[in-house]
Amino acid sequence: MRIELKPGVHLNIIETQQFKTTRISIQFIAPLAKATVTQRTLLTSMLETNSADYPTQAKVSTFLESLYGASFGIGVAREGQVHRISATMNLVADQFADSSLLPAAFDFIQRLIFRPNVQNEAFDQVTFDREQENLMQYLASLDDDRQTQAALALQRLYFAASPDQAVPSFGEIDALREITPTSLYQYYQDVLAHDQIEIVVLGNVDAELVTKLTEQLPFGPRATVGSLSFDQPVGPEIATQTETANVNQAKFNLGYHVEIDDFGPKYFAMLVAESLFGGSPLSMLFTNVREKASLAYYASSQLDALRHFMSVQTGIDADQQPRVLDLISQQRQLIIDGEFDEARLQAIKDGLINARVSGADSPRFLSNQALFHALTPGAPTDLASFTAKVQAVTKAQVQAAAKTMQLQATYFLTGANNG
Amino acid sequence: MDKQTYADADETLYRQVLPNGLTVIVVPKADYHKTYALMTTNYGSIDTRFIPLGGDQFVDTPDGIAHFLEHKLFEKADHDAFDLFGETGANANAFTGATRTSYLFSTTAAVETNLETLLDFVQDPYFTDQTVNKEKGIIGQEIQMYQDDPGWRLYFGMIGNLYPTHPVHIDVAGTIDSIDKITPEMLYDVHRTFYQPSNMTLTIVGNVDPDAIVALVANNQAKKQLVNGPFTRGVEVDTDISTILPYRVLEMPIVQPKSIVGIKGTRDVQDDFEGLKYQIAVRLLLESIFGDSSELYLKWYDDGLIDDSFDFEYSAQRTYNFATIGSDTNDPAAFSDAVIDVINRGVDQPELNEARFKQLQRAALGKYYQSLNSLEGIANQLSAQSFGTSTLFDFPKALNSLTLADLQQVATEFLNVDAVSVFHLLSEGE
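Chains U and R, in that order, give the protein sequences.
Numbering that gives the first Met the number 0 puts the last residue of the first sequence at 418; the count rises by one with no breaks.
Numbering that gives the first Met the number 0 puts the last residue of the second sequence at 429; the count rises by one with no breaks.
Hint data in this document are derived by calculation from the structure and do not stem from the laboratory.
Because the structure is a prediction, the values reported are computed rather than measured.
Derived lysine-lysine pairs resembling BS3-like cross-links, with alpha carbons at most 30 Å apart: (1) K75/R - K291/U; (2) K28/R - K396/R; (3) K396/R - K357/R; (4) K366/R - K211/U.
Using the sequences and the hints given, assemble the complete structure.
In structure tokens, the structure reads:
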């Protein structure tokens with residue numbers, strides 16, 4: 000059920016008795032921009048750490064404990080060319096508590112979002128300094144995780160011509176340094192006034208009560224964002240980069256442009272093609288590169304359909320890099336040439352459907368799906384339609400989809416001694 | 000079949016031991032779409048030394064052999080079991096821990112077919128020189144990858160400090176040298192000994208009919224000639240604080256230093272109701288002192304000593320148990336000193352009071368009910384406890400039976416500064 004509370008502010012209710020929890024999420028959605036992602040990330044830390052009514056973290060945590068161990072967190076994510084801040088609360092379903100927890104939960108959310116810890120139109124300086132420092136340290140240490148390092152480097156390389164897409168969805172150090180308590184507060188006023196708002200509530204809830212509680216949140220009318228889809232044109236050259244670090248295992252990542260339509264036949268063909276190429280344990284990358292050739296500990300692909308972007312990540316012995324590149328290219332060619340049998344194709348489709356059906360057991364998946372549907376009305380929401388469209392994909396369509404996978408960037412992180 | 004109903008959680012657990020010794024545990028979840036099944040052997044990376052089934056003296060097998068076997072079990076003469084699951088759209092996986100090895104699948108269709116596949120591939124080993132040697136390359140990559148993971152190095156560094164003479168300090172995957180020594184014969188010996196039905200459990204949680212599913216498993220097992228027999232484990236309980244290495248440091252090419260403090264448990268914690276109570280008490284104790292509603296956490300966070308990576312956990316396994324308290328920090332020594340100061344107070348903790356205890360008890364109960372949303376969570380937990388006498392569903396009873404006095408007693412015993420060790424992970428060149 001989707002209800003317009005105000006223009007640009009919607010409530011989505013998923014009534015279900017399947018779970019032992021109620022999940023509330025409030026999404027702030029804005030166009031993705033290099034200039035704002037870092038501010039948005041720092042905002043999440045500021046808002047969840049304390050507020051005017053809960054001036055310390057201990058007070059925030061104590062309240063959540065009193066609410067039968069509820070959890071609350073704020074994070075950021077990128078969906079194509081929009082960026083969202085999501086504030087999420089999970090609480091035990093009312094039948095496990097003495098009385099309905101929803102009024103207290105919404106009161107808490109309202110206080111955290113609308114009564115931040117602010118003095119003189121600026122965020123609290125002490126909190127700000129600490130959270131800025133913590134985020135600084137987090138961003139500075141991303142490369143300590145080599146898989147993250149490789150993934151982010153590939154994204155920078157691939158989207159070199161699209162600065163908004165090249166930055167991590169959680170920001171950058173240089174931009175972080177520029178933010179002040181005053182500038183962040185001003186930006187937050189902008190978020191509160193202009194971001195599209197989607198509220199999703201899932202659980203065994205009374206829709207009337209939820210509607211009443213959400214209507215009390217003082218969001219004004221605002222505009223909605225447009226299409227999520229982003230498509231960077233294919234370039235004539237493959238961008239390559241090699242970096243060295245003191246690592247035992249080398250990382251080799253590849254970025255491809257893929258052609259898809261708006262949830263039409265090309266979209267579903269690409270879902271299947273990517274899953275066959277590297278997106279599942281039955282994939283060519285897994286079976287031929289990792290298992291048969293014993294060349295990699297991991298070798299898999301990921302499809303970011305909203306950005307027409309597919310990436311491949313591998314962990315390998317550095318001196319095998321040319322062979323790995325060759326083998327990965329071969330796997331794509333095998334699909335183009337139709338060198339896979341119907342049984343494997345069917346298993347891949349069944350796997351995609353299985354994953355989708357399994358999602359119906361996850362409050363998070365169901366909640367995100369409602370959000371996604373709100374933002375992309377063309378996407379199939381019901382299982383039957385999704386299943387039918389996956390099953391309808393033909394071998395020829397998969398071959399054609401693989402042909403549109405155009406290698407655009409490769410990133411190689413290798414040990415210092417392997418040059 | 001034994002049936003237990005837990006009205007508070009609205010869950011029912013069925014349990015049946017088959018004639019061949021295999022224990023089957025079923026929790027039906029009619030509202031769910033998925034079914035999740037795990038087959039688990041009471042055998043993990045610490046069980047390298049044992050008297051095999053049919054043998055009369057101890058043998059020592061190479062480090063990492065349990066994990067190696069787990070990888071290799073999927074591969075058969077003419078197919079890979081992984082593909083059999085995949086052909087139905089199911090997901091399959093496996094993992095090896097210090098004390099257990101589990102094989103699992105998750106599916107929304109063809110539960111029966113996948114269950115037969117699971118039982119058959121786990122119970123029908125096939126190892127050759129060729130397949131064993133090929134696997135060494137793949138696992139070698141895995142070992143190398145973990146060497147680059149700072150969080151993993153820190154955690155294993157601490158385990159190495161607490162258990163230098165117990166095999167839990169050895170990497171689950173072994174070393175490149177140790178796995179090189181593995182042969183098909185060794186794998187067959189291990190399989191015969193530890194994968195006998197009476198040393199295994201099958202846990203199924205999902206949209207299934209318990210009677211039908213147990214009948215299917217029983218029928219599958221009745222067709223097989225599987226041998227049960229005695230064997231002896233070589234690994235012993237380690238609660239000895241005299242072996243602890245008090246401090247080690249490692250430098251890595253990282254930006255963010257890390258610090259961890261470990262406390263070695265000095266009593267053997269069993270997999271029974273008393274053991275469950277004890278584990279909950281230790282966790283509540285740590286939560287009282289270090290939890291994110293504690294004054295200590297607030298002070299350390301505000302002082303910049305820790306950030307939100309700060310974490311603590313307590314792990315109780317067959318033959319060992321320990322707690323860790325760790326964080327990313329720019330001053331690893333100041334962090335570990337601060338933690339040790341707290342441990343040094345023993346039972347004299349300002350946060351150990353009745354009001355806070357009641358609040359945390361209530362929060363823990365709420366979190367427990369929330370955790371029951373996850374089929375995987377339920378199944379993994381039941382499977383982990385399947386060789387003992389307590390289960391996940393005993394949690395509310397155990398939790399509610401605890402008092403502040405119980406926590407104080409645990410604090411007196413567990414917060415033992417002589418059982419403490421420190422590990423620092425520093426940036427290279429500092």
